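Undergrad: With chain A's structure known, arrange chain B on it following the hints.
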Amino acid sequence: MEQVKTFLDENEIPRQWYNVMADLPTPMKPPLHPGTGQPVNPQDLAAIFPMNIIEQEVSSERWIDIPEEVLQKYLLWRPSPLYRARNFEKLLDCPVQIYYKHEGVSPAGSHKPNAAIPMAYYNKVAGTKRITTETGAGQWGSALSMACQMFGLPCRVYMVRISYDQKPYRRMMMNTWGAECLASPTNLTQAGRNVLAEHPDSPGSLGIAISEAIEDAVTTPNTKYALGSVLNHVLIYQSINGLECQKQLKKLGVYPDVVMGCCGGGSNFAGLAMPFVCDKIHGKEVKVVGAEPTSCPTMTKGPFAYDFGDLAKTTPLLAMHTLGHDYIPAPIHAGGLRYHGMAPIVSHLVNEEFIEARAYDQLKTFEAGIKWARTEGFIPAPETNHVIAAVVDEAMHAKEEGKEKVILFNWSGHGLVDLTAYDAYLSGKLQAYELPDEEIEKALLAIKDFPKP
Amino acid sequence: MTAFLFFDKLNVMKTEHGDKLTRCPKLGDEMTFSYCLRESGELPCTRIINCWRAVFDVEDELRRILTPDNWNRLTATQPKDKVLSLIELIEKAKAKK
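Here the protein sequences line up with chains A and B, keeping their order. Residue 1 is where the first sequence starts when you use this note's numbering, and the numbers rise one by one after that. Residue 1 is where the second sequence starts when you use this note's numbering, and the numbers rise one by one after that.
Just chain A, same shape as in the assembly:
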């Protein structure tokens, strides 16, 4: 028998979170208050977050103690197991060892409770009596609902109406954990009423749901708001995952060549990656890759060639799947939409070249997820499929280069309440790529004179 899982004992769980802010080689520019033009200060956020969380949001301390009460809740599923994906390795037949951190074992089925539990705890000790949040399809909303229940805090979740109707199971999970889940827009907030007055059948949007959750928190006594991604304190709480991983790999006597995660808002990626980014900042050789969604067909239609990694042509030439650096829609030129919604720390580290970002289109990711489910058994969340596609890509490169590699990635959650997404893929309802060949040929002219890998 070959070993598949590596565990830590409960008493080996990390006792501190890691904060990458302490190790950034170049400081991040603080956001400026839109009203005053001055750097945002902690008090500006005090209407929605308790001060103990704000202190962590702006902290530059490298290590932050995890409260005993939080550790006790973490022990319900943490330390999570580190798996070796031996069946997937066999399928790929590449010179790689693939390890994945299984975050789907949490009660909510994803990495989200890593942050939800400390948020509920810190609010509780700060005297908060009630928490609001927004959610799309419900992964964050369900995690926070569970965490609030654990600390006796009422929780109201504004769920985007179209997902509320389409994805009932996470709404049911929220209700089961005692939270109030409302279809946004509602008539309970001015923001919601304004939308409903104009469009009574509005399907809602994440922007409307955030507006409602914040208005509720600001206008209701003793109520605060919680955000599940993007912000620094969220990334700090998620770091328990990467810290556990480092201990587990040490037990195996292995260090990864490549660390990968899927990147939406950045919390699941950063949770695994930041402790390894710390190593990289201090001289360790490790490649850190974030896989993000796109519909741009570079991976499926673009050759593996040298190209610039950015529109401004400021990066060195990088070997990548590319349709040429000019193949970017005009509005993206104007607005830089690629990193919309990404954690500023992650974007900063991409700009500083400590992290590499890769984009994968949906069909490619589902193809990878199906292969995973048919070899390793576990059905991944659709977001997790992005990093699995990146792992496949990395393994194929290793084969092309004839190099052995150890790949570590974050298996951020299971897809058991996302099966409609698989159904859409399997029944051909997700759209296929239709870019004409002549447009591809035209785009590739931009790199015709570059060296070939």
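Keep in mind that the hints were calculated from the coordinates and are not lab data. Be careful, since some hints might not be right.
Unchecked claim - Quick list of simulated restraints, FRET-style, between CB atoms:
id: 1; chain 1: B; residue 1: Pro68; chain 2: A; residue 2: Ala22; range: 45 to 51 Å
id: 2; chain 1: A; residue 1: Pro168; chain 2: B; residue 2: Ala76; range: 34 to 40 Å
id: 3; chain 1: A; residue 1: Glu180; chain 2: B; residue 2: Arg73; range: 33 to 39 Å
id: 4; chain 1: B; residue 1: Glu42; chain 2: A; residue 2: Pro30; range: 30 to 36 Å
id: 5; chain 1: B; residue 1: Glu42; chain 2: A; residue 2: Gly152; range: 39 to 45 Å
Every value quoted in this text rests on a predicted model; they were computed, and no experiment measured them. Don't be surprised by glycine CBs; every beta carbon is placed ideally from N, CA and C.
TA: Showing chain B alone in chain A's frame:
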């Protein structure tokens, strides 16, 4: 079905792509092109071009169905820092108190 009623009432210029489906990275759910067109009220979602470009000529379609003013507003939209977005929402909410 709520969404379809919504779009009918908006009298959105007909698009042959309206029922096409893609995965929305903001919501974590499958959404139709019709939804993306009105995600931000009068304006499409700021990700609409990134999400749909590979499927059909979305820029051409948007120029056809949006007013010139809304097309310009969409393409001029800059992504906001999350903290700044939160502060703007806090200030708006405080004004409603």
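Undergrad: Taking the hints in turn, state whether each one holds.
TA: Okay, the hints, checked on the actual structure:
1. B/Pro68 / A/Ala22: 45 to 51 Å: Between B/Pro68 and A/Ala22, where Cβ atoms are some 49 Å apart, the hint holds.
2. A/Pro168 / B/Ala76: 34 to 40 Å: Check passed, 38 Å falls within 34 to 40 Å.
3. A/Glu180 / B/Arg73: 33 to 39 Å: 35 Å Cβ-Cβ, so the 33 to 39 Å window holds.
4. B/Glu42 / A/Pro30: 30 to 36 Å: The hinted range 30 to 36 Å holds for B/Glu42 and A/Pro30, with Cβ atoms some 33 Å apart.
5. B/Glu42 / A/Gly152: 39 to 45 Å: Given about 42 Å between the Cβ atoms, the range holds.
Violated hints for the displayed structure: none, as all numbered hints are satisfied.
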